[in-house]
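These protein sequences, in sequence, are chains C and F. Using our numbering, the first residue of the first sequence is number 1, and each one after it goes up by one. Using our numbering, the first residue of the second sequence is number 473, and each one after it goes up by one.
It should be emphasised that the hints constitute simulated quantities derived from the structure, not laboratory data. A few of these clues could be false.
Stated by the list, open to error - Okay, derived cross-link-like pairs now, DSSO-like style, lysine-lysine, Cα gap no bigger than 27 Å in a straight line:
id, chain 1, residue 1, chain 2, residue 2
1, F, Lys709, C, Lys392
2, C, Lys395, F, Lys864
3, C, Lys382, C, Lys337
4, F, Lys661, C, Lys392
5, C, Lys382, F, Lys864
6, F, Lys854, C, Lys382
7, C, Lys395, F, Lys854
8, F, Lys867, C, Lys392
9, F, Lys867, C, Lys382
There are 2 protein chains.
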Amino acid sequence: MKNYLYLTIGLLLMTLAPALSQSEGDATMIREIYDETLLRGEAYENLRSLCKDVGGRVSGSPEAAAAVEWGRQLMQQYGFDSVFLQPVMVPHWVRGKKEVGRIVDAKKLGSQELNITALGNAVGTGSDGVLANVVEVHTFKELADLGEERVKGKIVFFNRPMDQTQIQTGAAYGLAGNQRRGGPSEAAKYGAVGVIVRSLSTAFDDYPHTGSTVYSFNVPKIPAVAISTNDADLLSKTLKEEPDLSFYLETHCQMLDDVLSYNVVGEIKGSTFPDEYIVVGGHLDSWDLAEGAHDDGAGVVHSIEVLRTLKAMDYQPKRTIRAVLFMNEENGLAGAKKYAELAEENGENHLAAIESDAGGFAPRGFGLDVSDAAYEQIQQWKPLFETYDLHKFNKGGSGADISALKPQGVELIGLRPDSQRYFDMHHSALDVFEIVNRRELLLGASAMTSLVYLIDQHGLAEPSPASAGTGE
Amino acid sequence: MKNYLYLTIGLLLMTLAPALSQSEGDATMIREIYDETLLRGEAYENLRSLCKDVGGRVSGSPEAAAAVEWGRQLMQQYGFDSVFLQPVMVPHWVRGKKEVGRIVDAKKLGSQELNITALGNAVGTGSDGVLANVVEVHTFKELADLGEERVKGKIVFFNRPMDQTQIQTGAAYGLAGNQRRGGPSEAAKYGAVGVIVRSLSTAFDDYPHTGSTVYSFNVPKIPAVAISTNDADLLSKTLKEEPDLSFYLETHCQMLDDVLSYNVVGEIKGSTFPDEYIVVGGHLDSWDLAEGAHDDGAGVVHSIEVLRTLKAMDYQPKRTIRAVLFMNEENGLAGAKKYAELAEENGENHLAAIESDAGGFAPRGFGLDVSDAAYEQIQQWKPLFETYDLHKFNKGGSGADISALKPQGVELIGLRPDSQRYFDMHHSALDVFEIVNRRELLLGASAMTSLVYLIDQHGLAEPSPASAGTGE
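My request is simple: use the sequences and hints to build the entire structure.
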């Protein structure tokens, strides 16, 4: 018995010894990555430029074209090994003239303008607008229960709030999100003439939050807007007092013909396995109401900063590291699909893709949409990150753009910043440079760079039980 | 061997079974605490009132008196079992007329006003001001090396920045803090006529950050100001070009006679152990440049919210739970000392004290200045908090106000919110209500309430190895 015990301990120590010294080397490198980024990181100034020089950048807009050129030039100036564009046709939705949403001649309130904004992809009412009664619902079930009889000819008002008791606000967004995405077509099935959706916001204020809606086939496309949370409460209250009030809606948005645009890609060539790719990415397009600072300027400058940091440190990666600035995440994912299509066409072996599309807040960990083997491997790296306040390495939740790579078996990882403030400003006029904190932004980039470094050094375990070890 | 094994497993299961069901009950209660606070919490609106109706509230000021009355009335309105004031004499420092800090007739720059603010407790120059050369140093050692010969008659400029590579900004604050606290007296030893300290700030901007300085006995008290980080860099650069430039400093601050003020205490009486106290606290005074929103309005409304939440849930505590709003944390700790003095005088058995004085940011854990036995016990509760994104339960770092209770053997605990943004605005004009996030603030209160609940239910293990179990 004792001999077996000693043998076991001996084997254990033999296994641990190189692991420990490797781990020390990793810890030192990660400390150097954080030092480089925190002391000399340029992500914050790059974000300022993207927000202030380019501004909001809806797919197909002149600003989106400017953003492409901005990204291309910046990565070229950094001297990455190659910088190139991937052409892709993207939808071209335009908001047009400012929207009008008005309670008309209510008994107590009189006429009152409310804070609304057209949903992305939505059709407009045109100059004649829509004048109709409003019916408030909270779920598709409630809508179905009302049926055509009580919905036809009316504006449907979806007013289910985000659940404040969810600790991860992304979960609350998920729970409330079908109202905005599917609500307009759902209401159209019963003959509604327009839709007002309570903003998907954790805040109580006067800012409406836009975001894309997706029209179903075979139902009429009807105009759809988001309303600020304060005004959703006001409208709901007024409807209780006066269920037959009239609402005037006027929007001038429309979908134009598709436009040629681009993903922007920069890369540092791998020395040992140049044909293995590790991708870091964010999306270059944004909504138009503000500057797309957190969504997803942060992801764009994070991704560029990863390569800048590695280059500034004279780190020569084994694998090829790519920063991908995806086009059209917000209303179509055309860039994401194009990137995945080209990766397949070109036979590129993508080891892992890491996306930052949850804001430039203090990072708390990574969401792992990976094989069990890779999951186990990444858990071993947790102690390296805990020093930097990253504690969450859970399954699930990578990112919309990289998810197109899923069918190719790519390990998908999403940066998980603190989520508390994100939906206060997401898709609203509040998403400007000034609300991004420099240190929080840089810490996100540091975390991504550290993970890229670890994957580059150690590879990722293959998704088969036999090889669920330490990779190479 | 096998029998022993079964016995061991059996004993283990017997120990675990009640612990698990207890833990389930605790988990349910904590979920209810979070729900109550996130859905119906009033901390955010209370903070708005403290910031906007009362405003900045330096010890001894009329605003501090208003804050006392504000706290007393609010806790009385909540119907806590008792609300009372603890009289305490506090220092009364006044800033007076706006300060002037000016580079005079520099060759390139000409005359240039810089952004400065007097340090708390500092003496003023009066209307004549001080005109002198400036000598820049980074450490007390550098200052000593220069010696009287090169310091006498000059203004000493302490320009060591906060270390950006520290992940916990509080650590960086600690490392740079002696310049502000001890710098003026240290410089006076060598005959300096004034001191300029680089603001203890993680940001690069134009806002000077005040904070208290502490004059030593037996050295002259000399005027002392903080300078914004941008202007510290400008002054440093200009000094390199022109070492003999003249600087004009004018401050009108002064220390007046002590003033009668108060700690404000509210409590809910314990049902089983009414003579055992659990304290939650923050400080009611603040600096005058802004509204003291994060520092420490957050701690004040956190503490009140703990009691409000428990009362709203009809929770009948076993122990007496006290919210203590301490007076004069910023420049004297007179309230903290008074509270500890009275606790001792009245023979009050304080089980634990939990302080919130690190801002209203998303909570990440608690700093534990507790016995080993209590430390082990609190570690058992970690899984209950991880669901809510609190991962850090480390030794050290409770809080300045409760530390006065240390000699009485009280277990001291500090709420640890995310630290990244705190020193961007700490003690500066930026610390206003608008920069506090509602959800982050409420999550801090929820975490404190949950910990209070656990300590109330289970007690805390006594600080002796024998009893390092689960308390009662």
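Evaluated hints:
Between F/Lys709 and C/Lys392 the CA atoms are separated by roughly 43 Å; this puts the pair beyond 27 Å, and the hint is violated. A threshold of 27 Å between alpha carbons decides the hint, and for C/Lys395 with F/Lys864 the separation of about 21 Å falls inside it, so the pair holds. Taking the CA atoms of C/Lys382 and C/Lys337, the gap is near 32 Å; set against the 27 Å cutoff, the hint is violated. Simply put, F/Lys661 and C/Lys392 have alpha-carbon atoms about 51 Å apart, too far for the 27 Å limit, and the pair is violated.
A threshold of 27 Å between alpha carbons decides the hint, and for C/Lys382 with F/Lys864 the separation of about 14 Å falls inside it, so the pair holds. With a C-alpha separation of about 17 Å, the suggested pairing of F/Lys854 with C/Lys382 holds against the 27 Å cut-off. With a CA separation close to 21 Å, the supplied pair C/Lys395 and F/Lys854 stays within the 27 Å bound. As the CA atoms of F/Lys867 and C/Lys392 are separated by approximately 21 Å, the hinted pair is consistent with the 27 Å bound.
Annotation: proposed proximity of F/Lys867 to C/Lys382 holds, straight-line Cα distance about 21 Å (limit 27 Å).
Hint check: violations occur at hints 1, 3 and 4; the rest are consistent with the structure.
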